[in-house]
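Make the full structure from the sequences, and use the hints.
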Amino acid sequence: MNVLAKPADLEAAAPAGAFVEEVTAVQHYTDRLFRFRMTRPASFRFRSGEFVMIGLMIDGKPLYRAYSIASPAWDEELEFFSIKVPDGPLTSHLQKIQPGDAVLMKKKPTGTLVNDALVPGKRVYMFSTGTGIAPFASLIRDPDTYEKFDQVILTHSCREVAELKYGEDLVEQTINDPLIGEFAKDKLVHYTSVTREDFPRQGRITDLIKSGKLFEDLGVPPLDPAIDRGMICGSMDMIKDTKTLLEEAGLTEGANNKPAEFVVERAFVG
Numbered sequence: 001m002n003v004l005a006k007p008a009d010l011e012a013a014a015p016a017g018a019f020v021e022e023v024t025a026v027q028h029y030t031d032r033l034f035r036f037r038m039t040r041p042a043s044f045r046f047r048s049g050e051f052v053m054i055g056l057m058i059d060g061k062p063l064y065r066a067y068s069i070a071s072p073a074w075d076e077e078l079e080f081f082s083i084k085v086p087d088g089p090l091t092s093h094l095q096k097i098q099p100g101d102a103v104l105m106k107k108k109p110t111g112t113l114v115n116d117a118l119v120p121g122k123r124v125y126m127f128s129t130g131t132g133i134a135p136f137a138s139l140i141r142d143p144d145t146y147e148k149f150d151q152v153i154l155t156h157s158c159r160e161v162a163e164l165k166y167g168e169d170l171v172e173q174t175i176n177d178p179l180i181g182e183f184a185k186d187k188l189v190h191y192t193s194v195t196r197e198d199f200p201r202q203g204r205i206t207d208l209i210k211s212g213k214l215f216e217d218l219g220v221p222p223l224d225p226a227i228d229r230g231m232i233c234g235s236m237d238m239i240k241d242t243k244t245l246l247e248e249a250g251l252t253e254g255a256n257n258k259p260a261e262f263v264v265e266r267a268f269v270g
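Going by the UniProt record's numbering, the residue at position 222 of the sequence shown is 222; the numbering climbs one at a time, nothing skipped.
If you are wondering where the hints come from, they were derived from the structure by calculation, not from laboratory data.
Glycine is no exception: its CB is placed at the ideal position from the N, C-alpha and C atoms.
You may find that some hints are simply not true.
[As the list claims (entries may be wrong)] Computed spacing ranges between beta-carbons, pair by pair:
1. 236 / 17: 23 to 33 Å
2. 99 / 252: 38 to 48 Å
3. 256 / 187: 37 to 47 Å
4. 59 / 181: 21 to 31 Å
5. 99 / 212: 40 to 50 Å
6. 236 / 185: 30 to 40 Å
Encoded structure:
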């Protein structure tokens, strides 16, 4: 079944409350991961780190899933980093998109992985697994992040080495970016680990926190609620376990209406 369409084909039949946007670029990293970029509506505003509902018309009806926006708020296009689920109601089709194809996007972004939901601090940890790096791809490319924190530590844990590629490319591009590079080069730290293959750093991020290896490798003291802030995005188990570790260290969970020392995101795709 081919559910992919061109923007002109959907404009007349666009669901209420949705934009019809055009895919501009697609890059596949592994048989499980890909990223795509698409046009951005002129009226669409969001805060770096938020997510939005992305979809396709399937069997004559729109089907949406929550996707973190991987591009920063200043970018003229929108970027997304996605898993591929062979039998996923949406991603089984979305993984086949090509430049020129149409994608639906609801008009209201939301989310808690935003700078506004954290109280000021010295250091921010962005803990991610798999495609959970997406909101941080937005945040590490936002000048506001570097104005708020002296050090930005992006941790990315994956099963296989190849799955780190998106984050590695992202950090390199960020440091070399003419706009963001001057902020990022002295403040951004990228810490990767792998769980199922040989790699210099092996293990789940939660184990690396518990053992103290994360802090030893980084040359920083253990988590301190007076100066450290955290953001967490990944699998349900990873979020739960990392949240527990931050709370045990004395950090308090925050929200948009009540900023605190750390925040989590619970939006997933499938």
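Hint-by-hint comparison with the structure:
Taking 23 to 33 Å as the suggested C-beta distance range, the pair residue 236 and residue 17 conforms, at roughly 28 Å. At roughly 44 Å, the beta-carbon separation of residue 99 and residue 252 lies within the given 38 to 48 Å, and the hint holds. For residue 256 and residue 187, the hinted distance range of 37 to 47 Å is not satisfied, since their beta carbons lie about 24 Å from each other. Between residue 59 and residue 181 the beta carbon distance is about 46 Å. The supplied range of 21 to 31 Å is therefore violated.
Judged by the Cβ atoms, the range 40 to 50 Å given for residue 99 and residue 212 holds: they are separated by roughly 46 Å. The given range of 30 to 40 Å is respected by residue 236 and residue 185, whose C-beta atoms sit roughly 35 Å from each other.
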